[in-house]
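Asks: Please construct the entire structure, taking both the sequences and the accompanying hints into account.
From first to last, the protein sequence lines are chains A and B. Here the first sequence is numbered in full-length UniProt numbering, starting from 1 and rising by one per residue. Here the second sequence is numbered in full-length UniProt numbering, starting from 1 and rising by one per residue.
Keep in mind the hints are simulated off the structure, nothing from the lab. One or more hints might be untrue.
As the list makes no split between identical chains, a pair holds if one copy fits it or if it spans any two.
As the list claims (entries may be wrong) - Result set (EDC-like, lysine to aspartate or glutamate): computed pairs, CA atoms no more than 16 Å apart in a straight line: (1) K8 x E145; (2) K166 x D269; (3) K103 x E151; (4) K259 x E321; (5) K176 x E301; (6) K62 x E145; (7) K246 x E125; (8) K176 x D12; (9) K88 x D112; (10) K9 x D269; (11) K90 x D269; (12) K62 x D233; (13) K62 x D272; (14) K264 x E185; (15) K11 x E145; (16) K271 x E185; (17) K121 x E165.
Protein chains: 2
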Amino acid sequence: MLAKEIIKKIKDAESNITSVIFVGCGASKADLYPAKYFLEENSTKIRTSLYTANEFNYATPKAVNSNCIVITASLGGTTPETVQATSKAKSLGAYVITLTHKKDSPITKDADYVIVHGFEKSYAEKLEKMIYALQLAVEILNQFEGYANYEEMINGFNNIYDLIEKSAATVLPQAKEFANSYKDENVIYLMSSGATHKVAYSTSICLLMEMQWMNSGSFHDGEFFHGPFEIVDKDVPFILFMNEGKTRPMDSRALTFLKRFGAKTTVIDAKDFGITSVISEKVADYFSPMLISGIFRVYAEQLAIARNHPLTKRRYMWKLEY
Amino acid sequence: MLAKEIIKKIKDAESNITSVIFVGCGASKADLYPAKYFLEENSTKIRTSLYTANEFNYATPKAVNSNCIVITASLGGTTPETVQATSKAKSLGAYVITLTHKKDSPITKDADYVIVHGFEKSYAEKLEKMIYALQLAVEILNQFEGYANYEEMINGFNNIYDLIEKSAATVLPQAKEFANSYKDENVIYLMSSGATHKVAYSTSICLLMEMQWMNSGSFHDGEFFHGPFEIVDKDVPFILFMNEGKTRPMDSRALTFLKRFGAKTTVIDAKDFGITSVISEKVADYFSPMLISGIFRVYAEQLAIARNHPLTKRRYMWKLEY
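Replies: Okay, here's the thing in structure tokens:
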């Protein structure tokens, strides 16, 4: 595994890594979240943070130094804020790893290590950035602190691609039904918990707001009962991403409430796709976001067709300077 | 200062504090954010995280142990998830501090230290929970790692109450104008950056969704250009909270874009209220969220009047079991 070798090399050079900082923008930032979530839950010594790139640039954390690993990500490798963050991290002496789909793109210039991930070929490849980021987090934890479920994670990495592909191949009927039912909604809310929290976020800000120009909001479903649930009424549209793992009771509680008051509810549930038949339940939490993202991509494609609004259509992005 | 004494006592008992974990729900979670943001930016050794309480309960971070300080918050001291988190942190051997407005409320039962904050008497008192949380973070950093701008922070704590009160007293005309202009909106978006990021979030999920049953979404304005900005069109309603401090360029960039495309934009700008005339510009970043929250409360009150929907009106919260 490439991630294993990279972290081994960093450890050989610096055995005292105190911080791991993830940096990205939009969907790339969200794709780094499961890795950050994993480290935050399981590490007892290593500091970890996730920054939108310009906040990293303008209010650079003091911990960015030669005891720090900075992991940046940009699909095309040209996101200006993330390219700048990569260079800034390098200039401050951090060990810099970047994840990108484009070999030799600008973001690779100042990175010590580059991982090139797939994207176009399959639903699973679209999640490879998220998968590689999690691999890096697992290697960091295992090599610097030790991690009891390391073998279960390796097995998960071996099986997650197939699981995504097989699952995505089964959902076309429900995706079409979703698309026809939600295509004219005025606003759509997204919720999840655990490692999948930011899949709800990126679905809201990227797939709906950016790619469909639809109004949307998202929040952690543990927060739902502390504010947002007052918006619930009959037919208010929600999409709930349910995890297999420790935080599932939060997802279930939100679902019960949505059903009780007749909200319009679409659920993508990792459990329905047999995640624990191929990945240990000890670590299924951390693979739920990849599986759910891969499945929801089919839903988003159908929504785009139903709305006659391609996922690639933009009015500002890539079209003007801002 | 109470915070100083509490942290001194903890340090006397345990000189090796490796993690500081903040736990709350909804507005109380958001009120802890400036403290977490401050530590995350300025600490090089101490791990820090902010959890919604039930995620802390179900997927308890491994770092909750006798080298950890857990800081919980609940206005009324009865939020079940946060009461449970407080007890769980205590049972795992952490040093537990709780912030509440209600002396002897359930959340105080298992806390090692209790800070009772004000709430009803003034706009500034409504921010006292946020202020005390930041004081705790400053004391932790200063006592465990040292902090160069400590005196500037103390001065800030001495001056922020007056600044909030004086500022809030001047905004009634613009608050009424905002209320009349936004009262019938279908959806309202909120943005900010830096320490104020989660004021945008709590304004969205609490003041608008919970207390006004208005549709809303929020995001970091550094993320705006990586998805959400595609929703911008003439008259789409936004509220932008502008910081005085390092992340201001992000706020300004978002404002320029909103104006360029004719979005309906309300700005609350910490700079307009002279924050740096009474608080050092070295630390103004961390006081912007209190100032902006205090000012926006006047706007929310006027919105409630214009909509004939009191801020205390609920359909589910406090009314049923869920």
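Asks: If a hint holds in the structure, say so; if it doesn't, say that too.
Replies: Quick rundown of the hints versus the structure:
{"no.": "1", "hint": "K8 x E145", "in the structure": "within (13 Å within a copy, 29 Å between copies)"}
{"no.": "2", "hint": "K166 x D269", "in the structure": "within (15 Å within a copy, 51 Å between copies)"}
{"no.": "3", "hint": "K103 x E151", "in the structure": "neither (30 Å within a copy, 48 Å between copies)"}
{"no.": "4", "hint": "K259 x E321", "in the structure": "between (45 Å within a copy, 15 Å between copies)"}
{"no.": "5", "hint": "K176 x E301", "in the structure": "within (9 Å within a copy, 43 Å between copies)"}
{"no.": "6", "hint": "K62 x E145", "in the structure": "between (23 Å within a copy, 12 Å between copies)"}
{"no.": "7", "hint": "K246 x E125", "in the structure": "neither (26 Å within a copy, 37 Å between copies)"}
{"no.": "8", "hint": "K176 x D12", "in the structure": "neither (51 Å within a copy, 62 Å between copies)"}
{"no.": "9", "hint": "K88 x D112", "in the structure": "within (13 Å within a copy, 41 Å between copies)"}
{"no.": "10", "hint": "K9 x D269", "in the structure": "neither (38 Å within a copy, 47 Å between copies)"}
{"no.": "11", "hint": "K90 x D269", "in the structure": "neither (40 Å within a copy, 34 Å between copies)"}
{"no.": "12", "hint": "K62 x D233", "in the structure": "neither (46 Å within a copy, 38 Å between copies)"}
{"no.": "13", "hint": "K62 x D272", "in the structure": "neither (44 Å within a copy, 29 Å between copies)"}
{"no.": "14", "hint": "K264 x E185", "in the structure": "within (11 Å within a copy, 22 Å between copies)"}
{"no.": "15", "hint": "K11 x E145", "in the structure": "within (12 Å within a copy, 25 Å between copies)"}
{"no.": "16", "hint": "K271 x E185", "in the structure": "neither (27 Å within a copy, 38 Å between copies)"}
{"no.": "17", "hint": "K121 x E165", "in the structure": "within (11 Å within a copy, 58 Å between copies)"}
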